[in-house]
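*Asks:* Sequence:
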Amino acid sequence: MFRIRGLLVVLVMVLITGSLVNSVSVFGAAAGTYKISGYVEPDFKITDPMIKAGFKVEIVGTSYYDVTDSTGYFEILNIPIDTSINIKVRFSKDGYLKKEISDLKIGSEVLIGTKEEPVKLWPGDLLPDDAINFIDVIQMAKSYNTYKTDYNFNKICDFNLDSAVNMADVIIMARHFNAVSNEYGEEKVSYVAPDKPEAPRNLKALWYTGSAVSLKWDAPSTKTSISGYEVYINDKVVATEKNTSVICAGLNPGKENTVYVKTVNSSNIKSDASNILRITAPIDDHGDTIDKATPIECEKEIIATMEFGDPVDYFRFTPQTSGTYVFKMYVGFIMKEYLYDSRGVKIGDITDRQFKLEAGKEYFIGAENECISGEYRFVIRPVKNKPDLVIEKINVSKLSVNEQSLLGVRIKNIGDATSRGPFRISFDIDDHKNAFLVDYNKNLEPYSFDTCFVTGSSNGTLTWSSSMVGHHKITVNLDVNNNIDEIYENNNSVTYDVVIDDHPNTKEYAEEIYIGDEISGYIGQKTEKDYFYVIPKSTGTYRIDMPNSKYTNFFIYNKNMTQVVPTGAIYDGNNRIGCFAEAKLTANEKYYIVVSSAPDVNDFMSEVYVLTIKQIK
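Residue numbering for the sequence shown follows our numbering, beginning at 764 and increasing consecutively.
Don't read these hints as lab results, they were simulated from the structure.
Worth double-checking, as some hints may not be accurate.
[What the hints assert, rightly or not] Okay, derived cross-link-like pairs now, DSS-like style, lysine-lysine, Cα gap no bigger than 25 Å in a straight line:
| hint | residue 1 | residue 2 |
| --- | --- | --- |
| 1 | Lys868 | Lys851 |
| 2 | Lys1156 | Lys1099 |
| 3 | Lys851 | Lys808 |
| 4 | Lys1124 | Lys808 |
| 5 | Lys1124 | Lys1156 |
| 6 | Lys1025 | Lys959 |
| 7 | Lys1005 | Lys1025 |
| 8 | Lys1270 | Lys1292 |
| 9 | Lys878 | Lys1380 |
| 10 | Lys911 | Lys1380 |
| 11 | Lys1270 | Lys911 |
| 12 | Lys815 | Lys1270 |
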């Protein structure tokens, strides 16, 4: 009571003199193998949870620091361990008496303050001089009886965050009037063994071949000091990776392989395994040289698999009769096919071309891929006066969750005569047979193609949408009513694996993210965009980072879709290695972050990205 009465006397004196003093605050930057964490809050009754936010906790003499969130929690990550020195930790906030803890020895992770017993700071040091005294009262007097809209309102004097500087704030300040920093009591400091990090989530195989596999996963959902990931195939480490995707070798062809990933933290402690994939990899089914060429027969369809890193598959055949022959490839990816004579001399590119071949003479076919893996099918046969319809690809206009997708199919006539409509096309989706039925009424000349979209259907559905992210099976069947007499009737059905994107592609369906989140995603084509939005809880400067992004970029917009700040690219020499932006964001305002292909790259390639957002001031 004496302190309150004394403070009121001083306050009256100051109000009469009208003295003025300014306040100062300092901020730093973060970086680095252990962590310091804990809880901080002010030493008075708290009504607004945001009162606990904004306390700076730093290692004195370094750039390592963190700022408390609305729960009062802080976490300084990636601090290099040096047991040869003692460190000093400082707790501070504008308007509060700073507190320091000295002579901390670091050999493990450190906990200072718990949720039940947090570190408490005293409000009142408005002009920081390590004391709550007369000059602070002068500063309080300057803003006394003001509201946040008043010119002379000073928000650091508003301890209880009620948008006014009044007697309530004076009483809060009076509790520790004339106190100095060295009057703080000792804090309980706990040294704990680092927690086991959480396991990676949602491990997926994007593709695999005889020995190689492309993997993608999500980072752990909670804050943790992650140094990287270990990739296991059949319980052996085959790769280490800092990002959330990798292409690696180690599969045993023709056998079931177990694949999983573990998180590794800065103390080299490993998580439990992610979800386990069981992959049976294909065997390299055909010879890679002419000497090892696989024998085939004319008019017999060949189904083969091209492996990642497998440059050429060779086949040998001998026509039984002399005549004109054609080579027909039905393929789900880009390949080149060449005809060779019995000496191995290249005759030419044979796809969709006619060649005169001699009976009893041996010929070779070389099928070459372009760094892509998958199944392909082909046949070599005499020229016949019939059409032959095949499916080149399935078209899906959008591949995003909850978005309407226009379906289509690219049809090619690989026969020797015109295909005359009409004929019916069916689309099966997952377990839904005949999800779409479409009538095709055009004629297709030999070697020509056309795309038929689902613009109308017998069941009345025009578009397809999926609420499920991930893989979906789409099977397309041509000429389901068998209206057309074809060379081959058994090649009119193809099943495709369609992947629904992991993030929305429009502003309307933008996904909410939060400060401190680490978001991973995938941009698969140059026109694709991933939309997110964030609503900061406090006004300040925020940094958005997207490291290791060679081909992707992000943009930050306000609610009116006006760009807030330009995005900066990071280069290593001439190589683009990432991008970032620092922007001042206003509390409770909505901001959009849009990820897309980078405008400064010439040749776009699909890419997994990781995006982080954190407050730095």
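*Asks:* Hints numbered earlier in the text: which of these fail when held up against the supplied structure?
*Replies:* Hint check: 3, 4, 5, 11 and 12 fail, others pass.
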